[in-house]
Structure formats: C-alpha cells, structure tokens
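> The lines below spell out each chain.
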Amino acid sequence: MNDKDKILLAHGSGGKLAHELVEKGFVKALANPLLARLDDSAVFDFSGRLAFTTDSYVVSPIFFPGGDIGKLAVCGTVNDLAMSGARPLYLSLAFIIEEGFLQSELSQIVNSIQKTAQEAGVEVITGDTKVVPRGSADKLFINTAGVGIIAEGVNISGSNARAGDRVILSGTIGDHGIAVISQREELSFSTNLKSDCAPLGGLVAEMIKACPNIHCLRDPTRGGLATSLNELAKQSGVSIRIEEQKIPLREEVLAACEMLGFDPLYVANEGKLVAIVPPGDADKVLKAMQKNRYGKNAAIIGEVGAEKPGRVVMKTALGASRMVDMLAGDLLPRIC
Amino acid sequence: MKFISEFRRSELAQGLLSRIRRQSKAPVRFMEFCGGHTVTIFRYGIRQLLPETIDMVSGPGCPICVTANADLDKAIALSQMPGVIVATFGDMLKVPGSSSSLQEAKAGGADVRTVYSTMDALKIAGDNPDNAIVFLGIGFETTAPTIAASILQAEEEGLKNYYVLSLHKLCPPVIKALLDSGELKLHGLICPGHVSAIIGSHPWEFIARDYGIPCVVSGFELLDILQCVDMLVNQVESGKSRVEIAYRRGVRPEGNRQALKLMRQVFEPCPARWRGMGEVPDSGLKLRKKYQRFDAELAFDITPPPTREPAGCICGDILRGVKTPADCKLFGKVCTPENPVGPCMVSSEGSCSAYYQYGVGLER
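Those sequence lines, one after another, are chains A and B. First residue of the first sequence? That's 9 in the working numbering, and the numbers climb one at a time after it. First residue of the second sequence? That's 31 in the working numbering, and the numbers climb one at a time after it.
In short, the hints are calculated from the structure, not lab data. Heads up, some of the hints might be wrong.
Claimed, not checked - Output of the computed footprint for chain B on chain A, the stretches with three or more beta carbons under 8 Å from beta carbons of chain B: (1) 104-118; (2) 322-332.
Unchecked claim - In silico DMTMM-like pairs for lysine to aspartate or glutamate, Cα to Cα no more than 20 Å straight-line: (3) A:Lys323 / B:Glu41; (4) B:Lys124 / B:Glu368; (5) A:Lys36 / A:Asp53; (6) B:Lys291 / B:Asp260; (7) B:Lys215 / B:Asp357; (8) B:Lys270 / B:Glu235; (9) A:Lys323 / B:Asp357; (10) A:Lys32 / A:Asp53; (11) A:Lys254 / B:Asp357; (12) A:Lys316 / A:Asp291; (13) A:Lys242 / B:Glu368; (14) B:Lys190 / B:Asp325; (15) B:Lys215 / B:Asp347; (16) A:Lys138 / A:Glu214; (17) A:Lys254 / B:Glu368.
From the three backbone atoms N, C-alpha and C, an ideal C-beta is built for every residue, glycine too.
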C-alpha cells in the first residue's frame, strides 16, 4: 500500500482525477452502453408497470465472509424490486467515500458490484461519487436505486395476505447478521458461516411462473424474520401463526445466537424471502423454490389466520404458543 | 454432541412435562431466581403447560435490574467527567437513571464504550494513556472473577489509568434477605446456573436446611428447566428439601475454585444497595485495600444529582417477586422497550422485557 493508492478529496471534486476515476474505475468495469454515454441522466425506453426503490448501505466491516458492501448494494436493491414481483432492470450507484480509502479496495468492490449485477441480470446505468474528509464517513457508503418491470397479472403487496394462506420461508435464517458480526473487531469469533447475501430476482421469477397469484413477498433483512412477519400481519390486517420447529436454522447460527444473547428470529438476512401464498398453490411454489439454488432449504413455516389482526404467534418446540413481537431497538448496528 | 439442539428436543420435553403433570399434587410456588431462566420459560411457553398446581414467580436475578438508581447516577456522573472513558457491557447503556441514561450522556458527548469483555476495557486503557478508563463492574458472581482478573492484569501491565466502579452483587445473601422478609411463600427455588458454575451448589445449602425449601440448580435450555421443575416437584412430593444439580455439565458442587480464588483475592464482601430491597448486608463486593488504587469510587470525586425514582414504576416489587409486570400500570403502555421507564424493561433478562417480548400479561 502506498499513498498513490489512496482516494483523495480531489477524486470527488468533478475535476480531472474525478473523471479518471469514473472512466477507468467505474465505466470500464461496469461496461454497458447506457452508462458509457456519461450524460447527466441515463435515458431508456420503457413500457408497462414500473417498480422503483432505493436503499443505502453502510455495513461495517465492508468485506465480510460471503460478500462485501458492493454485493450487498446490488442484492439489497434488486431484492426490494423482486419483492414487488418486478423483474429488476437498471440500477443507479452512488458512492460516498472517506478520504484515504484505498483505490484497490474500491476497485475490488466495483468488480463485485459488476459480478453481482451480471448474475442478477441488471445494469448500472447512472452513478455519482463524493469524497468526504477523513472522519466524516466510515470508509465507504453506497446508495443504489433500482427500477424493474412488473408483469401483467402480478399483484404482490404486503397487504394481500388472506386467512388460510400459507407462509413459506426460502431457507435458513440469521446467516448474514451472524457472519457480519463475527468479523467485528470488538468481538471477533471464529465461524465458517458465510453471509447469505444473494440476488433473488431469479428465484422470484420462478415462483411467479409456478403461481402468478402469490399474495405477499418480503425479504427479512434488518429486524429479521420476526419483524417482516409482523409488518405483513399489520399491513394485511391478519394474524400469522408459525411453528418454531419448521424454521430452517443452521446449528452455527443457533450457537452464535446463544453466545451473543440474540434470538435468530431477529437476526438479519440478505438472501432470503418470505412468501405468503394461497393454500392450494403452496406446494407448487415450494417445489419451484426448492429447485433454485437460493431456495433449496425452503419450507412452509406457518399460516395466516383471521383472529387478532396484526399478531404473530409461534408454536414453540414444546407445543406452547407465544407472541413474536417486532424488534425493539437496535440488535446489531450497521449490518447492511 | 450438539450442546444446544440436544437440550431442546421436543419429544423429551413432552415426556418430562407429562411426568410433572402426573406427579405434582400439592399446590406450590417455585421461584426462578435468574433472568436467563425467566427468558427460557417464556420463550417456550413453559408456564402455560405446567399443571395448575405449579405457580412460577420470577426473582431478582438480573444484575442490571437490581442496580440501584443512586449507583446508576454515579456511573452517568463519571461518564460526564472530562477525560473519562466509561467502558460497559451493552445492556447498561439504555437503563434510565434518575434524570438521564448512559446512552443520553453519550449522545451529549460523553465517551461511553460498549465492550464484550473486561479485557477489551484494558485494551482501551492501553490505547488511551491520557484518559481514565472506568469499567462498570455490574454483575453477579459470574462476572466478578473476570473483572478481578482484569485488575490483576492491569497491575501486572502497570496500567495507571484503569479503574473499576464495583457495583457487583452476590446472590445467596439477597435470597436470604428475600426469604427473611416473609413476603414470599416459596416451595422451591430454581438456583441460577451460571452463578453456580462459579460458586458451586454448597452456598445454597442453607436454604434447604434452614428454610426447608427444595433447591435445584438449573441450566438454561428447555430440558434443563423442565428437569429442574421435575426434581423440585419430586422433593416437594416426597417431603424432602435438599440442594440438587440439574446442570451437571456446567456446575460442580464446589464451584470453580480458580475463579473464586481470583474473586476473593481482589474483592471482599460489603453491603450493597439493591433496587426494591434497599441495603443488604454482605451482598456486594468492594476492592480489597491492596487494590484500592483501581477503585473508581475512591479515585474520583463523584457527585451525582439527587436520586429520583420514576413515579409509578414497580420494578422493585417485581424484583422481589411480590408483583408481576402485569400488575404495573405503566407496563406496555407508558413503559415499553422503546421507552423504558424502569430497568426491568431494558435488560434482555428483565422480567418486564420478557413479559413484553413474549406477550404475557398484555392485551395489545
């Protein structure tokens, strides 16, 4: 490492260094014709129903087992689009970089963005770079926005759950949150666990193919499964009853949660989704999910009820039932 | 062997439950001393599946909850002194003192750092030689030895800027005080597992012997608790009272000699203030004379504002086991995990937090 490798304030000034960074660093790596035009906005043709979303990424550390902030910035936004039943098309990409950040690490992150975008079938078509003085940001923050197209006949919303619907979870919970926190300086512990960070557009497309009438989709990121289910129950005015023993969970995550005093129901995921589907379609959707690499551990974990709207109740391993509340406060700071 | 899932096996749990249902005849009240046990009991919904003969009540075993407001105020006042870095376990941050919390002090510019081990606090001291680092020594016999170890290491490293505010509490003396108060009619005690891993099971003998109350040391998993309740029922029904261990994988009768030696080398018993119980003799730990230079209480001139107790909060009664969170007018309305009025709603091991989290005693 030498000083030449460092990002300077001038890299965000709009001057020569900034142009060099954009052209050599970003446009080349993210190669696509819409971005390469370098106009003030990306212009593209479009017809149909559009989904539009944005999210900012401030994870610490920026590299973690199973991913990095770049991969996360693509997956997070692509997944938000997919949860509306949209096929993700284009992303914007904005960096806020702390002065002194290593160019080599930045290019590693840009490459990871490109690789993930390719897998997700999206293109980064517009972007922005700002550099702030040392201490004004922690290494690197990323914002992405995304647009996607929603096919005819697809109507997925958090308010569509109906009594009798089945609740399907796409795989093990808590992998991302625990993988990230295991790397924190102040409590590093050793685990082979990797973040589940993944773009779910493909999985959702296959689910919609199996059943265009999916009622709700949600990715249980911050706040974990418990928070997502509470949101869905409240939005739809229904209750949700899940069974503890049906929730896929890795033994490593369980052990780490015990050690740290967390409940896996509240630990973040970045490559999982919850689907609420009509009872008659549940098995079809489940089978379609299990064929996809990001849904191979999918399971039906519960069902939707009409009584006590807004409540999530879990049948415990003992057969008793208990309420599952939303996350209160902050469980793990800055994991996405 | 898998040390977690093995202890959550549902078919074994069902077996234990039916045995408890079969054997329990006399109406009894058992107390789980420890907040960790309270959480397991609610997490699995154990109370709803026990027979009507068994009434469970939660005890004062949450170190954060029992810390008196006057002591919290001291910690907050320390954090506001120039050049002082307060290092603490995370749960303490949100606990409201008389007029502020460490979290609010932090937002106001105080340097308060969350650590996961006392050794992290030592590292902060080493990295910041121009600051005074005060570690908040909160906890039962479980944490005291590690804090003793940090003091010994600070001495060995010649660290001159490391201090401990010792607010440690000892469990057997407070149980004695609870039983002597006559407020509680108990027929069995679920003794704390982690505390007993350090002190062993011998220190509970007086409860079985002098008060005739069966005692069983329990672990923290589903099967641990059920086995413990089963053993308590057994003692009650056979008219016995003795100390048993249902947590053999963690607890030996004599405890952890090494840890006890460290603790006794650095600390000596002293009276301590408990929330809801006032001062209890010999229930705290202070630094022995030889280590007094590490004592934050002596090193700093701490002048906290006058102590106030939040109006309407019954955390004290809840900690003594004479009331439950459901009896509190503030519970779930004014006092929630987002806006806690009392400490029992803050700490993850607090009774109010457990009741709230698992929806017990609430109509929401």
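> Could you grab the alpha-carbon distance between A:Lys242 and B:Glu368 and see if it respects the 20 Å cut-off?
holds, 19 Å
> Would you mind confirming whether the straight-line C-alpha gap from B:Lys270 to B:Glu235 stays at or under 20 Å?
holds, 13 Å
> For a C-alpha distance cap of 20 Å, please report whether A:Lys254 and B:Asp357 respect it.
violated, 35 Å
> Is the straight-line distance between the alpha-carbon of A:Lys138 and that of A:Glu214 20 Å or less?
violated, 38 Å
> Does A:Lys323 pair with B:Asp357 here, judged by a C-alpha cut-off of 20 Å?
violated, 26 Å
> Between the alpha carbons of B:Lys291 and B:Asp260, is the straight-line distance 20 Å or under?
Since the Cα atoms of B:Lys291 and B:Asp260 sit roughly 34 Å apart, the hinted pair is violated (cutoff 20 Å).
> With a cut-off of 20 Å on the C-alpha distance, tell me whether B:Lys190 and B:Asp325 pass.
The given pair, whose Cα atoms are some 12 Å apart, holds under the 20 Å limit.
> Straight-line Cα separation of A:Lys32 and A:Asp53 no greater than 20 Å?
The hint is violated at about 27 Å.
> How about the segment 104-118 of chain A: do at least three of its residues have a C-beta closer than 8 Å to a C-beta of chain B?
violated (count 0)
> Does the structure keep A:Lys36 and A:Asp53 at a Cα separation of 20 Å or less?
At roughly 23 Å apart (the allowed maximum being 20 Å), A:Asp53 and A:Lys36 break the hint.
> Below or equal to 20 Å on CA atoms is what counts here, so check B:Lys215 against B:Asp357.
Cα-Cα ~18 Å, so holds.
> Measure nothing beyond the straight line between the CA atoms of A:Lys323 and B:Glu41; if it is 20 Å or shorter, mark the hint as holding.
Distance ~15 Å between A:Lys323 and B:Glu41 Cα, so the pair holds.
Hints 1, 5, 6, 9, 10, 11, 12, 16 and 17 from the list above are not met by this structure, while the remaining hints are.
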